[in-house]
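Peer 1: Letter by letter, the chains look like this.
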Amino acid sequence: MTVVDETQETPTPEYRRAVRAWLAAHAPGSLAGLPADEQLRRSREFQAALYDAGYAGITWPESVGGQGLGQAEQQAFSDEAAEHELPLYPFMIGMGMCGPTVVDLGTDAQRDRYLRPLLRGEEIWCQLFSEPGAGSDVASLQSRAVLDGDRWILNGQKVWTTNAQFADFGAVLARTDPDRPKHAGLTMFIVDMHAPGVTVRPLKDMTGRSPFNEVYFDDVEIPVENVLGEIGGGWHAAVTMLGHERVSIGSARRPRRSPLEFTSLAERARAAGVDTDPVVRDRLAELYAHERALALLNSRIRQETAAGRPPGARGSVLKLAGALQLRRAIEVAGLVSGADAIAWDPSDTSGDELALAINAAPSSSIAGGTNEVQRNIIGERILGLPKEPQVDRDVPFRELAVGTQRREGTR
Amino acid sequence: MTLVPDSEVEELRAAVRRFLGDKAPSERVRAVLDGDPGHDPAVWSGLAAQGVLGLVVPEELGGGGAGHVERAVVAEELGRALTPAPFLASAVLATDALLALDDEPARAEFLPRLATGELVGTVAVAECGGEWDRTGGRTTATAADGRWELTGVKTPVLAGDTAGLVLVLARTADGPGWFAVDGAAPGLTRERLSTLDPTRRLAALRFDATPARHLASADPAAALGTVADLAAVALAAEQTGLMQRALELTVEYATLRVQFGRPIGSYQAVKHGCADVYSAWEHAVSVVRHAAWAADHDRAELPVAAALAQTYTGPAAFTAATAMVQYHGGVGYTWEHDAHLFYKRAKSAEQLLGSPAGHRARLAERLGL
Ligand SMILES: Cc1cc2nc3c(=O)[nH]c(=O)nc-3n(C[C@H](O)[C@H](O)[C@H](O)COP(=O)(O)OP(=O)(O)OC[C@H]3O[C@@H](n4cnc5c(N)ncnc54)[C@H](O)[C@@H]3O)c2cc1C
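One line per chain: the protein sequences are H and A, in this order.
Each residue of the first sequence is one higher than the one before, starting from 1 at the first, in the numbering used here.
Each residue of the second sequence is one higher than the one before, starting from 412 at the first, in the numbering used here.
Just so you know, the hints here were simulated from the structure itself, not pulled from any lab data.
Careful, some of the hints might be misleading.
To give an idea of the interface, some chain H residues facing chain A are shown, with a C-beta separation under 10 Å as derived from the structure [as the list claims (entries may be wrong)]:
#: 1; residue: Leu-88
#: 2; residue: Phe-262
#: 3; residue: Asn-298
#: 4; residue: Ile-377
#: 5; residue: Ile-378
#: 6; residue: Val-391
#: 7; residue: Arg-393
#: 8; residue: Val-395
#: 9; residue: Pro-396
All residues carry an ideal CB built from backbone N, CA and C; glycine is no exception.
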């Protein structure tokens, strides 16, 4: 089997060699099986080591503690990182979404205060957008912040908040002016997750793990200097962050040997002796074609970004394709493994890994914007197709019920 | 690996697009389909004048000395415009075959003429079922007094009815061999086939003790493999061009056509279908650029890259064309509209170099499965 030498993608072979050597010496290996506290401690240690070695915030400006390097270096790092199982999960939201938004929209004081500790793994962030009644339609959220002297008072409930269980800060989106239409009356704040009135309750996801949470805000005080962006400019801030989110989700390199990748499934097919079955071979080849096409599209978009053409809404293509690829892979996994995919010897950890991957797959079709929402974005923002009629445009939020319906008897 | 074309390549694309827009718009494409030779000689000579027929031919042989990246861009534009022209037969198959063989005199004789378009070449390999047989199939080549003769049937052959130079893979006593046959040779019967795709002519060629010139080749079967891989790349490029244009026209229509008081493109069934085609097109472009890059810079990677290109783009382009017909409704099913030309070209291209299942089987094999 020929494998493309990804080093050819980047004009920075020396940088890549240095990354490779550093990771080989410092990657801590799998933390599976360790107690949660210990995992978090080791994760923080590793993030700090990354920072000290100059591999945190590679594309962030030097003035905020980043490296001020380009996409080529970021790409080289991501490629090399994909060879390891790095414990970077706790910092994913801060590094991929909140941090870049503070870089873009933060005041100098905010950048000074928050970015370095984030890069060093000292402070963990979460993103508090979704609410029970406002997921895809984030702008219909109900959480309220009211100005009271030199502080804002926040009340409301958020849900599915990834990493809130160990977050120190959150980027929270709240309604600050219910008299304006729903997109116009929002403001983004930096909230201290340890402040009085913040309650975090773990939620179990369908894999049985609890990576996300419900978060309640009861009269939580937020200093005025913690507005991120403009008062009333929350939607712009959210769109900025969602742009970073799509790119960071869409272009994240999964560890190469995830159980739903072609190579792993081909190995399973060999082990099960079904690799000569023409149907299995046909489906595996098709799976490879889609997997490789997505990898090549990722490389191409990164090369274009490096050449000065940012991906914009095309991040949605990557995100959507990644989610669809998992569905395809699960079908092939069933074909390859048959009954072994549903029952296996308890000593066979690869059975557990496959089961976890199958059970976790739906999250990629929902989190960070559902497949349907990604298709809307592609259709409207890239292809310029007409938007759907909106019943709630230009209507003051307080006249809307459940976020989207005009209340009876108003107007 | 470079997946972003440089400005020279983009200029080439713009020039070809401009030329085809001027000289080969849809009305002109339709006008030439029924006559002979089934394409527009003025377009062919115009392409030759732009220097795009010999892009992969070395300069000393009258070519452009460029590469597959450049040729893929031209193929993409020809696919976008559905241009009927023997480009794939002559500038791709015949040219690549001469370059893959080891016959210096034949190269010197034919390549300059192929590059100027004065000579149209093609390759005749397929026999039953359209699959390419590395053994030469049932077409036999026999030598008497140092003169070779071919007997057998090759079908379907691209531009086989008009090509002046036919490069044939035939079976000799010592295994497969390559032969050059003059389009006007005695004992050669050329029968135009009925085709699904009216924009691309195919013919059956019957050889009956037809005189042929044996072409030197150290490894004729390996040369065929290279020719097939490079053709897969060029065809995939054409397919991405087709997808892009089909989507553009569909989006345009979905924006204008109103039903139930709304443009149809505001309905998610339509919008999401278009989004999926767009997504597939972005993938296809990446796959094709990678394959063209491999053809120029990493021949060890080419077999996988080429099989990948056909595995991905063939079905994707047909899906795009099907969506085009569907979202144009009755208009799309009407002869006057171009949608059916996209549909037929896409279906035919999907099968032209072997079935999608065949490409997937090749890919599996090349991946070491
Ligand atoms: C693992 C995971 C982690 C998450 N982490 C975070 C986090 O850290 N922070 C955070 O703020 N949120 C987080 N979320 C929430 C996530 O952003 C939302 O779940 C998501 O945006 C969808 O919203 P919803 O769940 O309310 O579904 P809904 O919006 O109610 O959607 C339900 C269904 O309706 C469809 N639908 C909705 N609107 C449309 C439309 N306009 N057109 C067509 N179909 C539509 C959807 O596609 C979906 O199929 C996370 C979710 C998951 C699964």
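Peer 1: Look at each hint and say if it fits the structure.
Peer 2: Evaluation of the provided hints:
For H:Leu-88, the shortest C-beta to C-beta distance to chain A is roughly 26 Å, which exceeds 10 Å, and the interface hint is violated. A distance limit of 10 Å between C-beta atoms decides the matter here; for H:Phe-262 the minimum to chain A is near 8 Å, and the interface restraint holds. Proximity of H:Asn-298 to chain A holds as hinted, the smallest CB-CB distance being about 8 Å (cut-off 10 Å). Because the beta carbon of H:Ile-377 sits about 8 Å from the nearest beta carbon in chain A, less than 10 Å, this interface hint is met.
Of the supplied interface hints, the one on H:Ile-378 holds, with its beta-carbon coming within about 4 Å of a beta-carbon of chain A, less than 10 Å. The restraint placing H:Val-391 at the interface with chain A is violated, with a minimum CB-CB distance near 13 Å, outside the 10 Å limit. Violation of the interface hint for H:Arg-393 is found here, the shortest Cβ-Cβ separation to chain A being roughly 14 Å, above the 10 Å cut-off. With a least beta-carbon distance of about 20 Å to chain A, the hint placing H:Val-395 at the interface is violated under the 10 Å criterion.
Proximity of H:Pro-396 to chain A is violated relative to the hint, the smallest CB-CB distance being about 25 Å (cut-off 10 Å).
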